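K.L.:
Here is how the chains run, residue by residue.
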Amino acid sequence: MSPLLQGVLTIIIGVGGCVGYFFASNLILDKIIFPPQTVNPGKNINRANMVRPWLFLLPALSALSLYLLYPVVGSFYRSLFNRSGEEFIGFGNYRTMFADDGFQTALLNNFLWVLFVPAAATFLGLLVAQLTDRLAWGNIAKSIIFMPMAISFVGASLIWKFVYANNPDIGLINAIRDSFGAAPLDPLQLPFWNNFFLMFILVWIQTGFAMVILSAALRGIPEETVEAAIIDGANPFQVFFRIKVPQIMGTIVVVWTTITILVLKVFDIVYTMTGGNFGTEILPSYMMAYMFRDDGRATAVAFVIMIIVLPVMIWNIRQARAEMR
Amino acid sequence: MDNIAGTKPALTWVVHISVVLLVVLWLIPTVGLLVSSFRDRDQISATGWWLSPFPVEQNYQVKAPAGDVTVDGDRNVIEGNVFGDGEGTVSRFGGKRAAPTEFKAGDTAQLRKDRTLSVQRDGSYVYTSPAAIKRDPSIYFAAESPPDFSLDNYRTIMASDNMDRAFINTLTVTIPATIIPILIAAFAAYALAWMDFRGRGFLIALVVGLLVVPLQLALVPLLTLHNKVGIGQSFLGIWMAHTGFGLPLAIYLLRNYMVGLPRDIIEGAKVDGATDFQVFTKIVLPLSFPALASFAIFQFLWTWNDLLVAKVFLPSNSESWVMTVKIADDLLGSKGGDWGILAAAAFISIAVPLIVFFTMQRYLVRGLLAGSVK
Numbered sequence: 002m003s004p005l006l007q008g009v010l011t012i013i014i015g016v017g018g019c020v021g022y023f024f025a026s027n028l029i030l031d032k033i034i035f036p037p038q039t040v041n042p043g044k045n046i047n048r049a050n051m052v053r054p055w056l057f058l059l060p061a062l063s064a065l066s067l068y069l070l071y072p073v074v075g076s077f078y079r080s081l082f083n084r085s086g087e088e089f090i091g092f093g094n095y096r097t098m099f100a101d102d103g104f105q106t107a108l109l110n111n112f113l114w115v116l117f118v119p120a121a122a123t124f125l126g127l128l129v130a131q132l133t134d135r136l137a138w139g140n141i142a143k144s145i146i147f148m149p150m151a152i153s154f155v156g157a158s159l160i161w162k163f164v165y166a167n168n169p170d171i172g173l174i175n176a177i178r179d180s181f182g183a184a185p186l187d188p189l190q191l192p193f194w195n196n197f198f199l200m201f202i203l204v205w206i207q208t209g210f211a212m213v214i215l216s217a218a219l220r221g222i223p224e225e226t227v228e229a230a231i232i233d234g235a236n237p238f239q240v241f242f243r244i245k246v247p248q249i250m251g252t253i254v255v256v257w258t259t260i261t262i263l264v265l266k267v268f269d270i271v272y273t274m275t276g277g278n279f280g281t282e283i284l285p286s287y288m289m290a291y292m293f294r295d296d297g298r299a300t301a302v303a304f305v306i307m308i309i310v311l312p313v314m315i316w317n318i319r320q321a322r323a324e325m326r
Numbered sequence: 253m254d255n256i257a258g259t260k261p262a263l264t265w266v267v268h269i270s271v272v273l274l275v276v277l278w279l280i281p282t283v284g285l286l287v288s289s290f291r292d293r294d295q296i297s298a299t300g301w302w303l304s305p306f307p308v309e310q311n312y313q314v315k316a317p318a319g320d321v322t323v324d325g326d327r328n329v330i331e332g333n334v335f336g337d338g339e340g341t342v343s344r345f346g347g348k349r350a351a352p353t354e355f356k357a358g359d360t361a362q363l364r365k366d367r368t369l370s371v372q373r374d375g376s377y378v379y380t381s382p383a384a385i386k387r388d389p390s391i392y393f394a395a396e397s398p399p400d401f402s403l404d405n406y407r408t409i410m411a412s413d414n415m416d417r418a419f420i421n422t423l424t425v426t427i428p429a430t431i432i433p434i435l436i437a438a439f440a441a442y443a444l445a446w447m448d449f450r451g452r453g454f455l456i457a458l459v460v461g462l463l464v465v466p467l468q469l470a471l472v473p474l475l476t477l478h479n480k481v482g483i484g485q486s487f488l489g490i491w492m493a494h495t496g497f498g499l500p501l502a503i504y505l506l507r508n509y510m511v512g513l514p515r516d517i518i519e520g521a522k523v524d525g526a527t528d529f530q531v532f533t534k535i536v537l538p539l540s541f542p543a544l545a546s547f548a549i550f551q552f553l554w555t556w557n558d559l560l561v562a563k564v565f566l567p568s569n570s571e572s573w574v575m576t577v578k579i580a581d582d583l584l585g586s587k588g589g590d591w592g593i594l595a596a597a598a599f600i601s602i603a604v605p606l607i608v609f610f611t612m613q614r615y616l617v618r619g620l621l622a623g624s625v626k
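As they're listed, the protein sequences go chains A and B.
Letter 237 of the first sequence, counting from 1, is numbered 238 in my numbering, and no numbers are missing.
Letter 344 of the second sequence, counting from 1, is numbered 596 in my numbering, and no numbers are missing.
Note that these hints are calculated values from the structure, not bench results.
All values derive from a computational prediction rather than experimental measurement.
Some clues are possibly wrong.
Chain B is faced by these chain A residues, among others (derived, beta-carbon under 10 Å) [as the list claims (entries may be wrong)]:
#	residue
1	Leu-128
2	Gly-139
3	Ser-158
For glycine and all other residues, C-beta sits at the position ideal for the given N, C-alpha and C.
With the sequences and hints as input, model every part of the structure.
P.N.:
What follows is the structure in structure tokens.
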């Protein structure tokens, strides 16, 4: 069967199955298990209403537990076993991994990514949001800066290959160097700095995200506070840094953490641009290097990523709970 | 607030110029890719894409056919045109491989063994030799060819490289993986927004927590599970994986939106005797259309652009490659130096998301604003 046909069939079965499940389960609940037309209709309706939320939640909860909750435990469990998965070796995978040069480089580079990308993307996003705020053509400018959000990391990497390429007739950077008479160099092979060339691709993609959210936050600032500051003689820079930024600090933190989480997931850029060579490996790409070869090591890397993410997760949950109260 | 004191004209100009600079910086790489995808492959390697509107000077070599020799007095002469039947402008020419652009067009070059060669700007040449000409003599010249834009790269990649197959595979992965989570999530979001039951707060916190669980964690255990239950690496497997991974965001977005719906409408309907099922399908679902649309766009972009999940959950044979895998694992290796083909392939893969992005930007922005934990 061709995959396309299989896809159409899956949509029909999936959508039909969902609708059928929700409709039928509600019907059974109301008509058969707890019918309201008996001796005690009120009690039955109450009972049915206690069960109903779980009918609504059942498919989502089962999918979430299977595809996201179980893997947290399953990955940790698997990481305690050796390569073939037969021998229990405790934290052996973690020990060999932390002793591995490649892992140390990846961890260090990942640290750089986590420091640089969210900071740069948030800063540029804030800058663009503020600059375009009162511009007549601001929306067009925003659209263009937002556009890379729609492009895949693989596509973006290819786009940037046309900037970084070694050949001065292809790569923009080397063309500029060439016009000053400098010899071409490969930006992706410059030790240490090549990481930043890769990071900039992600900054290019994520600035639009930061800009959209921060721009909305800037619009939400009460005008009176800004007007009052201007009447008191504040110059535009003071208005921005002393009045506006403190009021949107909460949103800045949200944008920052969201991008931080993303940085820990993206392996595509390193994979496509350098394949982890020239000292550019990061944890997600280091993990993919072991995927299919050594599941014990791969899950151990994944679990390290999980531990790095954990503080953000806890903070998010606390924020969400505080908001609900 | 434009007229408030404190706005200086000089500062306004600085703002305009910096925004223009940023926009140009953001746009240039993509423009480079787009322009390169339409350029002729030889021209790409001859000049940068930023010079593409100008004629390209390239070096060529042709053979003057020795069979066309005519005898003029004591010399053997070959006459012809370096462009054959085509057109072009010769700027320089030469008779040796070592110095292919030694002479200016229109000059007459003295070659070894008393031979002469002259090439005019329009390409017509005269080659003379006192001795008989046995082998075809080579003529080297530099000619300006006009900018050559065409769809050739796109034709090549679609026809010969299985890219059409990869495009269809991407589509096959994307559409069910976008539609199915929406429905599952919508019911759950309604329960979390408008139904009262014990444990609701905990479940919401759980969804928020799962939002940031790194995907990497799920790869090995789930692939093992899929292999055990017989799904293996297949389209079915990737649809289920994408559904699972997309659910937290879907539930979170939809719940945030549904909570904001006016309480009066929903309670009014319940007082009138509507069941939760009816309230959901007849009132909440239609009213939540903007949130549904935002999530659909997110999930579409994410699944279309995904490389990680496709690499792990789809079979690794070329028949089931999606476009991202095709580009990253195949084209970058086999066509590494063929920039025109690479650019065309990349553009094919980003065209659909870009169209979706520009037509539905409104919903995307709204979704982003609702989706970040405030």
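K.L.:
It remains to establish, for every hint, whether it holds in the given structure.
P.N.:
Each hint, compared with the structure:
no., hint, verdict
1, Leu-128, "8 Å, holds"
2, Gly-139, "8 Å, holds"
3, Ser-158, "8 Å, holds"
When the structure is compared with the earlier hints, no violation turns up for any of them.
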